[in-house]
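When you get a sec, could you build the whole thing from the sequences and use the hints?
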Amino acid sequence: MTIQVPKTALSHRVEDLLRTERLPHVWCPGCGIGIVLQAFLRAVKDLEAKGVINRNQLVFVTGIGCTGRASGYVRLDGAHTPHGRPIAYAYGVKLGNPKLVPVVFSGDGDLAGIGGNHLLHAARRNFDLLVIMVNNLNYALTGGQLAPTTPRGVYSTTTPKGNPERPLDAARLVAALGANYVARWSIHYPVHIEESIKKALPRRGFRFIEVLSICPEIFGRHIGFRTPAELYERLRKISKVRKPKSLEDIKYDWDEEITLGVFVDKDEPGYMESLCERYNYSWCDELPEKRWARK
Amino acid sequence: MARREFLTGNEAMAEAAIAAGLKVFIGYPITPASDLFEYLAEKLPEHGGIVFQGEDEIASINALVGAVYAGAKAMTATSGPGFSLMAESLGLAAMVEAPIVIVYNMRTGPSTGIATGTGQGDVMQSRWASHGHYMDVVYAPWSVQEAYNLVIKAFDTAWRLRVPTIVLGDTILAHTRELVVAYEPGEVKVADRKPPREPPGQFKPFKPDPDDLVPPMAFYGEGYAVLVESLAHDERGYYTTNPKVYEALVRRLEEKVMKNKHLVAQSDSRMAEDAETLIVAFGTLARSALALVKDLRKQGKKVGLWRPVSIWPLDEEGLVKAAEKASRVIVAEMNLGQLYREVARILAPLGKKVELVPVLSPELPGPDELLDYFEKAGVRI
Ligand code: SF4
Chain A
1 MTIQVPKTAL SHRVEDLLRT ERLPHVWCPG CGIGIVLQAF LRAVKDLEAK
51 GVINRNQLVF VTGIGCTGRA SGYVRLDGAH TPHGRPIAYA YGVKLGNPKL
101 VPVVFSGDGD LAGIGGNHLL HAARRNFDLL VIMVNNLNYA LTGGQLAPTT
151 PRGVYSTTTP KGNPERPLDA ARLVAALGAN YVARWSIHYP VHIEESIKKA
201 LPRRGFRFIE VLSICPEIFG RHIGFRTPAE LYERLRKISK VRKPKSLEDI
251 KYDWDEEITL GVFVDKDEPG YMESLCERYN YSWCDELPEK RWARK
Chain B
1001 MARREFLTGN EAMAEAAIAA GLKVFIGYPI TPASDLFEYL AEKLPEHGGI
1051 VFQGEDEIAS INALVGAVYA GAKAMTATSG PGFSLMAESL GLAAMVEAPI
1101 VIVYNMRTGP STGIATGTGQ GDVMQSRWAS HGHYMDVVYA PWSVQEAYNL
1151 VIKAFDTAWR LRVPTIVLGD TILAHTRELV VAYEPGEVKV ADRKPPREPP
1201 GQFKPFKPDP DDLVPPMAFY GEGYAVLVES LAHDERGYYT TNPKVYEALV
1251 RRLEEKVMKN KHLVAQSDSR MAEDAETLIV AFGTLARSAL ALVKDLRKQG
1301 KKVGLWRPVS IWPLDEEGLV KAAEKASRVI VAEMNLGQLY REVARILAPL
1351 GKKVELVPVL SPELPGPDEL LDYFEKAGVR I
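Chains as they are written, first to last, in my numbering: chain A, 1 to 295; chain B, 1001 to 1381.
Every clue listed holds true.
Calculated cross-link-like contacts (lysine to aspartate or glutamate; reagent style EDC-like; alpha-carbon spacing at most 20 Å):
(1) 1204/B with 1235/B
(2) 1043/B with 277/A
(3) 1261/B with 1316/B
(4) 1207/B with 21/A
(5) 1204/B with 21/A
(6) 1204/B with 16/A
(7) 1207/B with 1192/B
(8) 99/A with 1222/B
(9) 45/A with 1222/B
None of these hints come from the bench; they were simulated from the model.
Okay, here's the thing in C-alpha cells:
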C-alpha cells in the first residue's frame, strides 16, 4: 500500500531527504527519535546550502533497534547493519573510499552495548566518523530489557527488582578516549542538537553526539510514567546544561543530574590524515576532512 | 610480465590479491593467517591500497562489507576461531550481495584447539556458519600455485556473482614455499561490478538481471541513495515481511550461484578412468593421497584420485563421472566425516560403497602414514 501525501499541503523542509514512500514510520507516538533525526536532516540541509557538504558524499549507517530503523527512511546512501556493527561498517566505507563522509546514527544498546568495542576503538583511533547516539535508556525494540545505559535502580523487563548495575556514561568514556568532539544533549534541546551536528559533521577525527531521548511506550510506561509528557518532564528535571570542570565532573545519574553540553571540542588530525603522514595516497589531498580543517 | 617467485601459500595469496586489484585489506591477527596480513602491510600501500587492523574479526568483516559498497576490492584473512566470529556478518554479506573475499586457513579445532596444527574440520563451517539459508562459494587449493590462481578466481567470482567467496586453505598450505608464476596488477582479468543502467530515482539496488540473477551494483557516492538493507528486502532494498518477496529473495541468493555453477564448480581427476577404487581428498591432504595412489599403482592396484577444487558448490557431475567405473569410493579427510557426507549423498543413486578414512592429526600425514590411517579405519586396498 502506498500512501499519497498531497505535496502542497504537507511538504516539509527536509522532505527531499526522506523516503516518503515508506511513511508512516514505525516509531511510537511521543517517541524522541524523530526529534534527533529531524535535527540531523536540518543540519544536512543547512550545511548543503552553505556549500560545506554534498548529500551524495554522505553515507548514513545504522545498527539494530528502534533508532536503527532510521536508515530505512533517509534518502541518502546508507546501510542498516547487524546489531552493534554500524561503526565498523562505517569505517570500512571510509577506508573503501576516503572521499566519503560516513555518519553513524544508532541507539545506546547498539553502540554502547553490543557495539561497545567498536565505539571505544573508533574513539581511540580518532577515526574520521560522526556518531550520533540516541539514548533511550533501554532496549526498546525487543521489549524494554536492561541496557548498559539504564539508570541504577529502575525497573526493566530483565531486572524485575530494579537495575543493580552502574550505568555506562558513553559520552564521558568517549571523551576520555580522546575523541575530537563530544557533546550530550537531550531531546528538549532540538536547536542545540542541530547546531552541534552542524559543528561536528564537517570536522576531522572522531565526533560523538549523544542525545537523551524518551521512550514513553516501553521504558516510560513500564516504570510508571503514564504519558510521554510525564517522562519528558522527568528527564528535563535532571538534565542540566553546563560546562564540566573535568571528566569526573560529567554526571550520569538518574536521581541527581545528567550533565548536558559540549564536553570536548578540539581539532586534531584524524586517522585518515595520520595514514597520509605515512603513505602517499593519491586521495590524501582530496580528503574532505582536510579541506574542512583548512577552513 | 609474468614472473616466477618462490613464495609461501600466504605470500602467494597476498600477491594474487594485489594482482586482482585489492584496494583494502582489513583483518585481525590469527595463526595461520597473520603472515599474509603482515606481508600485505608491507606491500599493499606500494600499490595504493590500505591495510587496516580491526579491533576484532567482527569489525573486520563488517568493515569489509562497507568497503566494497564504497567501491573497493576488499579482502580479509582468518582461521577457524576468527571465522566463527565473522559468521554473523558473513550472512550480512550474502544478504546484501557484497562481493567480499575471505582467505580462510583451517587449523586444528574445536575451540582454540592446536593453534599451530593443520586441519580440515571446517568444511561445513565454511558453508553454513551464519544463520538462515544463504549461499557462499568456497575454493580449496592444494598447492601454492593453485592458491594463487584461486584467490584471483575468488575475486572474479565474488564480483561477477556478488557473493561472499572463500579460499579455504590450511596451516600447511599457508606456510609451504613453492615456485609460483605470478602476475602484475592489470595482467589478470577480474570481473567488475555491473554498473547501474537506470538513473538515480529509478535504479533498484536489488533488482537482478534475468539472465544471471545478479543485480547491477551502485557504489556509495554516485548519487543513487543506495540502502544496503540487512533485513529481508524487496528490489528497492526496503524491508518487507511479504512471504512471496522473502521466498524469492532467498531462492535467488542460492539460484544466482547455481545458475552460474559452470563458472565456479571445478575438480581434478587423476588416474580415475580405469580406477576400481577412487580416493576422494581435498586441499593439502590430497597431495599425500596422490602420492599414495601412485605407490599403489606401482603395486598394480587400480586406484585413482578425485579432488574437489571448489567445495561449495561441488562439481557433482565431475565426481559422478570419476566414480562411474569404481566399485568403491574412499573419502580421506582431516575430520570425522564432513566432505564424506556430501560424497555419500551424491553417489547414493549409483549404489557405490563409500567409506571414510578420518585423519585426526595436527600434522599432515605423508603417503605411508596416510596408509596407516586407512588401516586404522579398517579400509584395505
Ligand atoms: S519503543 Fe520506545 S524508542 Fe522505540 S519507537 Fe517506541 S517509544 Fe520510541
